[in-house]
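Based on these hints, arrange chain B on the given structure of chain A.
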Amino acid sequence: MHDGKSPDEVTISVGPQHPALKEPESFSLTLAGEKIMASSVRLGYNHRGIEKAAEDKTYVQALYLIERICGICSHAHATCFIQAVEEIAALDVPKRALYIRTLVAELERIHSHLLWLGVAGHEIGFDTLLMYTWRDREIVMDVLASLTGNRVNYGINTLGGVRRDVSQEQKEEILKAVDVLEERTRYYIEVASQEVTLIERLSGVGVMSHEDALRLGAVGPTARASSVDRDVRRDDPYAAYGELTFKVVTSDKNDVYGRTLVRVGELMESYGMIRQLVKNMPDGPVTVKAPRKIPAGEAFSRYEAPRGENVHYVKANGTEKPERVKVRAPTLANVQAVSHMLKDRYLADLPIVIAAIDPCFSCTDRMIGVSDMEGGPKRVMTWQELRSYSIEWHRARGIDFSALNGRFGVREKR
Amino acid sequence: MSGALYNVFQILVFPGLIFLMFFGLAAEYIDRKLHARLQNRIGPPWFQPLADFIKLAAKEEILPAQAGAAVFRFMPILAFTATVTAALYIPMWSTQALLSFQGDLIVVLYLLTVPTLTFFLAGWYSGSTYSMLGAARTVMQLFAYEVPLFLAILASALLADTWSLSGVAAYYSNHPSHALFNVIGFVVALVALLGKLEKVPFDIPEAETEIVAGSFTEYSGRLLAMFRAAVDIEMVVGATLLAALFIPFGMKGHWAADFAIYVVKVIAIVAVLSVLRTVFARLRIDQMINFCWKYVAPLAFFQVLLNLVVKGLLPR
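Residue numbers (the numbering used here), protein chains in the order written: chain A, 1 to 414; chain B, 1001 to 1316.
With the rest of the complex left out, here is chain A:
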């Protein structure tokens, strides 16, 4: 296990399977005792080829596929994508639909931030916080289920609006839930400002200065905790955000504690926004008729997901299927900062530093790099190579599918 550089240094791998990580990704750490001397990240265990698959689907089908990029911020991706398509098609989405989209977006932010708070607690061995926040998160999950029919992957968006309207009873239900959640969040703010071990474990950990945050291109709460005052919701309003009043929460602490405060502060802002949305929701239809074929054109859409700025690019070619979809999830912007934040920290800080960017690796993965167990440079394999590799691999183990050629419509292309 010794890497030969120095007898005191050991290399350990955290991932692809590790208790601290909820998704497969791999961190290779060089440790001197408890101190992290160097670290490197390896992504690509979770690539699902969603961008490519979207090219084979109609816009409405692709919407549901895109929604499955992320299990937590599914609405962020769906809305970001559909906004781009609507821009190309020059659709005038009804105001009520925009309000409902924003409402679901903020409810999603609440569930995402509460989830994060629990995960952060777990990473520093504070499981009580995990149990409490996840219990409270059920309140917002129930509201989302009642509004959209689903706890995750809401499927509320459709081309030209939303699929479901919000009834008066649901509005009251939302307001009631928000009251409870606000009280609970106040309690978490109290915990975060008073619990000594929590503050000890979060303060001064994973420091990223304002300049580094800008240089590394961090986004979302990760950047805002380094006093980068950026929020797409305010800077480039989409949906109904232009009509809401809210503060962009920032912190000058630059560390994980600051990121916690920013997220908890954003929760409080979200409650205010939801109250405004419910109160000011205009009447009217929730969807307009949209064409099946989208005229040729391209659009670029920005969205402030719970984890930071989410960016989708869509190119249409006049058919009913997109020509190209490009997704940049916020984690891709933030993951570069992790190695920087880990430098000269302790091994014990690793889980919380990674967790503090609220990573979502399956959303980020855009490719698989093939590298051998023995090391060496990464290779790229084409589809044909991959296919023949698979056939050879099975043949070597006595499984030969070539007898099936021509049956079941499967034919090997030569």
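Hints in this document: simulated from the structure, not taken from any laboratory. Just so you know, not all the hints are guaranteed correct.
As the list claims (entries may be wrong) - In silico BS3-like links for lysine-lysine, alpha-carbon gap of 30 angstroms or less: (1) A:Lys35 x A:Lys22; (2) A:Lys343 x B:Lys1294; (3) A:Lys326 x A:Lys95; (4) A:Lys22 x A:Lys253; (5) A:Lys293 x A:Lys326; (6) A:Lys22 x B:Lys1311; (7) A:Lys279 x A:Lys176; (8) A:Lys35 x A:Lys95; (9) B:Lys1294 x A:Lys253; (10) A:Lys22 x B:Lys1294; (11) A:Lys57 x A:Lys326; (12) A:Lys293 x A:Lys321; (13) A:Lys95 x A:Lys253; (14) A:Lys321 x A:Lys52; (15) A:Lys35 x B:Lys1294; (16) A:Lys289 x A:Lys321; (17) A:Lys289 x A:Lys171; (18) B:Lys1033 x A:Lys22.
Frame of chain A, contents of chain B only:
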């Protein structure tokens, strides 16, 4: 002959091995249930610790290729026997322990250090990096909490003027009010016991999100069951030790009443440990060592000083 048989019964069945085993499992249940209820969870049913033990004991034992086989296999047994042996010298519900002699206090402290050392060796000989890191942390942590624990316990013995645990228990039973001098020592010992049992906020050696399970990462089957039983018994024995030294009440009445009081005392200490592990986050190893040497050790020293002064002032 019947006397010898009775001794064997005492050592193996009651209040020795079998009793401790079941009491340990019961204590684990209370700890887990209380922890769960405090966290707003339902928690396990009463037989869960026993079910876990049986399940583990029935499972395959995997010996890592790179592990030192002899040490790897022997350590769980050593941990188990050391804790059970320690219990024989600690007064439980009467002021007289099963065995005692002048100086058994030191022996018990040694025997209670043995499990920690077995965790270290077990981790070191597992041959995995996570285990080795866990092992190193175990020893680092040992140096932080062991001194305050020893000082707190010695301070209590100092006032009683004896090196025998049975003697200490007898002294405080005769002078219950003198136990009040040891309140600081009791708090210090509780904190140190948290460290010894590797519970939050001092579960650094087995921090799941960092080093998987520390020393126990490579353990499975019977050997892991043995380790877990040792930790359970260590919890009971540690609580018994604290109860005998710092809460010396109800040791001179009818044995049944005394036994009930003893159980309540141990469960109360286990409950306090559960509450503590519920309300804190895990510290980092450097913070833990800092905390122990900056606050806990000085408090323990103060307790020793206090007892020296009190001893001079009290009428003989």
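A quick look at each hint next to the structure:
no.	hint	result
1	A:Lys35 x A:Lys22	24 angstroms, holds
2	A:Lys343 x B:Lys1294	27 angstroms, holds
3	A:Lys326 x A:Lys95	27 angstroms, holds
4	A:Lys22 x A:Lys253	27 angstroms, holds
5	A:Lys293 x A:Lys326	19 angstroms, holds
6	A:Lys22 x B:Lys1311	57 angstroms, violated
7	A:Lys279 x A:Lys176	13 angstroms, holds
8	A:Lys35 x A:Lys95	54 angstroms, violated
9	B:Lys1294 x A:Lys253	27 angstroms, holds
10	A:Lys22 x B:Lys1294	37 angstroms, violated
11	A:Lys57 x A:Lys326	15 angstroms, holds
12	A:Lys293 x A:Lys321	8 angstroms, holds
13	A:Lys95 x A:Lys253	38 angstroms, violated
14	A:Lys321 x A:Lys52	12 angstroms, holds
15	A:Lys35 x B:Lys1294	22 angstroms, holds
16	A:Lys289 x A:Lys321	17 angstroms, holds
17	A:Lys289 x A:Lys171	26 angstroms, holds
18	B:Lys1033 x A:Lys22	26 angstroms, holds
Comparing the model with each numbered hint stated earlier shows that hints 6, 8, 10, 13 do not hold.
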